[in-house]
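All chains should be built: construct the whole structure from the sequences, respecting the hints.
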Amino acid sequence: MNIHLYLYRYIIMRTRDIDKEQLVKQKAIESIVKSGFEGFSMNKLAKACHISVATLYIYYKDRDDLIIKIAQEEGLRMAETMLQNFDTEASFEAGLRVQWENRFNYMMNNPLISVFFEQLRSSTYHAQFMETFKAHFEPAIKQFMHNALDRGEINRMSLEVYWSIAFAPLYALIRFHNEGQSIGGIPFKISDEILWATFDYVVKALKK
Amino acid sequence: MNIHLYLYRYIIMRTRDIDKEQLVKQKAIESIVKSGFEGFSMNKLAKACHISVATLYIYYKDRDDLIIKIAQEEGLRMAETMLQNFDTEASFEAGLRVQWENRFNYMMNNPLISVFFEQLRSSTYHAQFMETFKAHFEPAIKQFMHNALDRGEINRMSLEVYWSIAFAPLYALIRFHNEGQSIGGIPFKISDEILWATFDYVVKALKK
Amino acid sequence: MSIYLLMENFDHILLFKTNCKTTADKQLLQSLLKKQEGVDEWNLDLEDCDCVLRIITYTLNQECIIELLNNNGYECCKLI
Amino acid sequence: MSIYLLMENFDHILLFKTNCKTTADKQLLQSLLKKQEGVDEWNLDLEDCDCVLRIITYTLNQECIIELLNNNGYECCKLI
Numbered sequence: 001m002n003i004h005l006y007l008y009r010y011i012i013m014r015t016r017d018i019d020k021e022q023l024v025k026q027k028a029i030e031s032i033v034k035s036g037f038e039g040f041s042m043n044k045l046a047k048a049c050h051i052s053v054a055t056l057y058i059y060y061k062d063r064d065d066l067i068i069k070i071a072q073e074e075g076l077r078m079a080e081t082m083l084q085n086f087d088t089e090a091s092f093e094a095g096l097r098v099q100w101e102n103r104f105n106y107m108m109n110n111p112l113i114s115v116f117f118e119q120l121r122s123s124t125y126h127a128q129f130m131e132t133f134k135a136h137f138e139p140a141i142k143q144f145m146h147n148a149l150d151r152g153e154i155n156r157m158s159l160e161v162y163w164s165i166a167f168a169p170l171y172a173l174i175r176f177h178n179e180g181q182s183i184g185g186i187p188f189k190i191s192d193e194i195l196w197a198t199f200d201y202v203v204k205a206l207k208k
Numbered sequence: 209m210n211i212h213l214y215l216y217r218y219i220i221m222r223t224r225d226i227d228k229e230q231l232v233k234q235k236a237i238e239s240i241v242k243s244g245f246e247g248f249s250m251n252k253l254a255k256a257c258h259i260s261v262a263t264l265y266i267y268y269k270d271r272d273d274l275i276i277k278i279a280q281e282e283g284l285r286m287a288e289t290m291l292q293n294f295d296t297e298a299s300f301e302a303g304l305r306v307q308w309e310n311r312f313n314y315m316m317n318n319p320l321i322s323v324f325f326e327q328l329r330s331s332t333y334h335a336q337f338m339e340t341f342k343a344h345f346e347p348a349i350k351q352f353m354h355n356a357l358d359r360g361e362i363n364r365m366s367l368e369v370y371w372s373i374a375f376a377p378l379y380a381l382i383r384f385h386n387e388g389q390s391i392g393g394i395p396f397k398i399s400d401e402i403l404w405a406t407f408d409y410v411v412k413a414l415k416k
Numbered sequence: 417m418s419i420y421l422l423m424e425n426f427d428h429i430l431l432f433k434t435n436c437k438t439t440a441d442k443q444l445l446q447s448l449l450k451k452q453e454g455v456d457e458w459n460l461d462l463e464d465c466d467c468v469l470r471i472i473t474y475t476l477n478q479e480c481i482i483e484l485l486n487n488n489g490y491e492c493c494k495l496i
Numbered sequence: 497m498s499i500y501l502l503m504e505n506f507d508h509i510l511l512f513k514t515n516c517k518t519t520a521d522k523q524l525l526q527s528l529l530k531k532q533e534g535v536d537e538w539n540l541d542l543e544d545c546d547c548v549l550r551i552i553t554y555t556l557n558q559e560c561i562i563e564l565l566n567n568n569g570y571e572c573c574k575l576i
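Protein chains in written order, with our numbering: chain L, 1 to 208; chain S, 209 to 416; chain D, 417 to 496; chain Z, 497 to 576.
These are computed hints drawn from the structure, not numbers from a lab.
Just to be clear, a hint being listed does not mean it is correct.
[To be verified] Footprint (simulated), chain D over chain S, 3 or more residues, beta carbon under 8 Å:
id, stretch
1, 242 to 253
2, 262 to 270
[Said to hold, decoys possible] No farther apart than 16 Å at their CA atoms in a straight line, the calculated lysine to aspartate or glutamate pairs in the EDC-like style are these:
id, chain 1, residue 1, chain 2, residue 2
3, S, Lys242, L, Glu38
4, L, Lys44, Z, Asp544
5, S, Lys255, D, Asp466
6, D, Lys433, D, Asp466
7, S, Lys252, D, Glu463
8, Z, Lys522, Z, Asp546
9, S, Lys415, L, Asp200
10, Z, Lys522, L, Asp62
11, L, Lys204, L, Glu93
12, Z, Lys513, L, Asp62
13, L, Lys61, Z, Asp546
14, L, Lys61, Z, Glu537
[As the list claims (entries may be wrong)] Which bits of chain L does chain Z cover? Going by a derived footprint, with three or more residues having C-beta under 8 Å, they are:
id, stretch
15, 31 to 43
16, 46 to 55
17, 61 to 72
Being a predicted model, the structure only gives us computed values, none of them experimental.
For glycine and all other residues, C-beta sits at the position ideal for the given N, C-alpha and C.
Set out below in structure tokens:
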């Protein structure tokens, strides 16, 4: 074998393929959603991606390291999506509307993500996810809430009271939609009309 | 063996023990909550109750029959609990307050039940649960809503919009409480103050 | 609840542990039990590891059912 | 994403399939690898069925690690 061929093979074998990295992450989430963290293994993942186990271990120290990196990346992605077009100086109603739009679009465009988040919530990886998410999301949302309080648009209330009024209705509708049925098994598909009618009641509840 | 002793033994062996029946149902729910419907078997259940498999099959035709009967019974129990002190002629706010009280108490007194309901929702047994629940619950709640609309206390809206405003906040708080943490992992314990502060916002949203 | 014990007679319910594991076995059993007089109701729990056969009958006894299954190549014994 | 390939050199990452299954095995490995010069970082994935040993080293080669483990009674081969 001449030296050029050798070098060529070397480069082919040892390049970091970003498309493949995305595939690995995508397949990992799919696999975790399907069989839980307990059922998830590096071996199964390698097979699903048609790569060798060794390739996985080049990029990730172990199974834990892989899951933590995915959780962190999803935390960042969620924070970025939620802050799209979000103006911390906007009025309370306008800002909350952008929050509803962003959260709604994020959930609709990532059908597996709500299951994955539920799994994260009840796992030891939740901390890493939240840390990354919070670091990127909290400064903006805190400024927004601070402004709304300063302008006297809403009353001061505990975070849990606020969240359960401001967002629980949205996530309830998304859940009905994802399950294809609402209360008592009635077939359900979300629409702009239903979404924004609910939003108007939420704003009525929260605005002074 | 004299005939009296024989009869005595016969009665002992063949009596339906209602306490034991309750134990079977309780253990069945515990077992399903712990290992899902897939992990649930008549054998495991018999062992957990310290009874023979044959005793289980005396009362239940098979595994399916047992789960269906439990689902139906829970549907009835939930309907009965939700209608305690519920007056269909009460004002909208007073009636909704009783609904919140009853649902809150039901969830707090049955710590496993929310997990079991989630499992039912995504199972083939959901229909039997809902059928029983609805048959007992719907006439009263329909009359109540009808009265509130007639008196002009609330606007006409779709069931999903109504439910997500009226009850999603309550279940969000209960969930935070059950998990011991709210948004972003902040430790959380529900209180009357938080519960009824949230209720007031819900009433503000829904009342004309 | 004030009544703790209700006396009931369950002698008409016969229970067996079998090796009828598949839907094909269930179909064969169907044809056997259809021909057997005295069987009011029956079902086979394929989801159970003991493949429990449950028979409602006011005339047949256990031995009779065990023999029927054994003669057709199935294992069958009293469920305890 | 406009850059699809990044050239990187991963020759310093050595990967092995082992039979180090327990935390006791991991502790023994700890004492072996501590004494071994040239091991910058290492970890053992006990949750994996191949019990993957991953070593960061700029001086040692695969044979060297395989020999070290074999001499201490462990199976160890290149992870493919």
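Given coverage of the stretch 31 to 43 of chain L by chain Z, checked by CB-CB distance under 8 Å (3 or more): Contact hint for the stretch 31 to 43 of chain L vs chain Z: holds, 3 residues under 8 Å.
Restraint check for Lys522/Z with Asp62/L, where alpha carbons must lie at most 16 Å apart: holds (14 Å)
Pair hint Lys255/S and Asp466/D, alpha-carbon separation not exceeding 16 Å: holds (14 Å)
16 Å Cα cutoff - pair Lys433/D, Asp466/D: holds (5 Å)
Coverage of the stretch 61 to 72 of chain L by chain Z (three or more Cβ within 8 Å): Check passed, 4 qualifying residues.
Per-stretch coverage check for the stretch 46 to 55 of chain L, three Cβ contacts closer than 8 Å to chain Z: Per the Cβ count (3), the hint holds.
Given coverage of the stretch 242 to 253 of chain S by chain D, checked by CB-CB distance under 8 Å (3 or more): With 3 residues closer than 8 Å to chain D, the stretch 242 to 253 of chain S meets the three-residue bar; holds.
Given pair status - Glu537/Z, Lys61/L, alpha carbons within 16 Å: Holds. Lys61/L to Glu537/Z sits at ~10 Å (cutoff 16 Å).
Distance restraint between Lys242/S and Glu38/L, which requires alpha-carbon spacing of 16 Å or less: Cα-Cα ~15 Å, so holds.
Restraint status (C-alpha distance of Lys204/L to Glu93/L at most 16 Å): holds (10 Å)
Proposed proximity, Asp546/Z with Lys522/Z (alpha carbon, max 16 Å): holds (14 Å)
16 Å limit on alpha-carbon distance, applied to hinted pair Lys252/S and Glu463/D: Roughly 13 Å between the alpha carbons, so the hint for Lys252/S and Glu463/D holds.
Violated hints: none; the structure is consistent with every hint.
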